[in-house]
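Residue numbers (the working numbering), protein chains in the order written: chain A, 8 to 143; chain B, 8 to 143; chain C, 8 to 143; chain D, 8 to 143.
Straight-line Cα separation of at most 16 Å, EDC-like style, residue types lysine to aspartate or glutamate; simulated pairs:
(1) D/K53 to A/E80
(2) C/K53 to B/D79
(3) A/K53 to D/E105
(4) B/K53 to C/D79
(5) D/K90 to D/E136
Since the hints were made in silico from the structure, they are not lab data. Keep in mind it's a predicted model, so treat the numbers as computed, not measured.
Listed here are the chains, written in short residue letters.
Number of protein chains: 4
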Amino acid sequence: MFVHEMSIRVRYGETDQMGYLYYGHYAAYFEVGRVEALRSLGLSYKELEEKSGIMMPVMSMQVRYLRPGFYDELLRIQTAIRKLPENDITFHYEVFNEKDELINAATVKLCFILAADRTTVPVPRSIVEALNPYFE
Amino acid sequence: MFVHEMSIRVRYGETDQMGYLYYGHYAAYFEVGRVEALRSLGLSYKELEEKSGIMMPVMSMQVRYLRPGFYDELLRIQTAIRKLPENDITFHYEVFNEKDELINAATVKLCFILAADRTTVPVPRSIVEALNPYFE
Amino acid sequence: MFVHEMSIRVRYGETDQMGYLYYGHYAAYFEVGRVEALRSLGLSYKELEEKSGIMMPVMSMQVRYLRPGFYDELLRIQTAIRKLPENDITFHYEVFNEKDELINAATVKLCFILAADRTTVPVPRSIVEALNPYFE
Amino acid sequence: MFVHEMSIRVRYGETDQMGYLYYGHYAAYFEVGRVEALRSLGLSYKELEEKSGIMMPVMSMQVRYLRPGFYDELLRIQTAIRKLPENDITFHYEVFNEKDELINAATVKLCFILAADRTTVPVPRSIVEALNPYFE
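Build the full structure now, drawing on both the sequences and the hints.
What follows is the structure, given as structure tokens:
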């Protein structure tokens, strides 16, 4: 299993008039979580797109909103990959507030497609190789 | 069962560099879908908040991304309530593109809380009464 | 002078915890305003990009926030082109709330570039021709 | 004069299909810039709202888009206060890309209002005192 952690501070424009981090913005946090998780493995999503012509569209997302997130809170995003990816890759998320309470839990599954013709391809070798040590 | 339909045109700022409607923006479309569904029943979410002091935070969301949404497409949002709500309310969504292809299917569950003390309350009577005719 | 009007309803996720339409979201409304203004002239920005390979990046924006916009308000967006465009095009915006009060006034200037090599080009002939009748 | 610097990485969802950081998202970056500038002075905007009941709505914004911002770039946001605020406060922004090129220059003016009755008040004493040393 591979686990990565990082923090994101809630922006004012991400709150709504309920005073909560708007439920739609967690998706952007999850995106940042997985990009930084990959970067910590030496993988750049930007280069994957630019050099390999591979894009990663999202196939599905499940989110449970357990507690609200608030303005200016430094949320801790825990991103985990629980099994070695083959045809698609699943990220498991847990978001904690500054009191270390779990406020959100989510799963996001992405696939790999060629930008050129939008056909599905298996997970790139570079990702498998970077993750391999965590699943031996 | 209660079903409502409306359309939303994809804004340029809602696309990403993949050329797709960004996966995080569907949540906002679902919000618009349920607000307009309630409005078609004679219910105003704005008034619910202002007059009854009741807010509806989201408890969970499941989304399946079947096909991409593209810039300037007029997407058809179908919002359904499949059972009479009691303690929470679940909206089922289907999003269709201009070729009438299903591009997205989702479920969003919300609860009801008092703005004053953030305690959970049952579904407001006005919502039950407006929905009742569809479940007899 | 060419003037176009349309309405946009403020989404919940576009409010902030101050209860105002967040100041950063007006830019998206202005985008919708000019796209719909062009569409009313028989011009599709989407086709401009796809068929002519021309994109319109924003060069500058000035915004005055006169009154807040609120959730669920149906805002009226007035988009004006005050002079026939040559090398760039300037849109003048006035946003009114449901009480017909001016809440926002803005100016957005865009240029035209070729997607292929990102070089600047003059305003496309189709736009000049569509606007010509309003400036005779 | 008071100057503060910080960095923000461009998120995927903040790009548009032109491959640029969408022009409307700079406003959120400016918000983060001024909040962090204030925090570096020992001032918390969150506490200002919660403890003093003072909110800071934006009065005006001018933005010049000089070069595009791109996905995954770590943009450097320079936030400056050029004169001691009295009734309102003006932030001057310069945004640089990783090549240290100026890509965006902006000015944002905010005022101070009481949350309770939305009346305008002068700049809070705590802000003047924190800034005073930079203007002597």
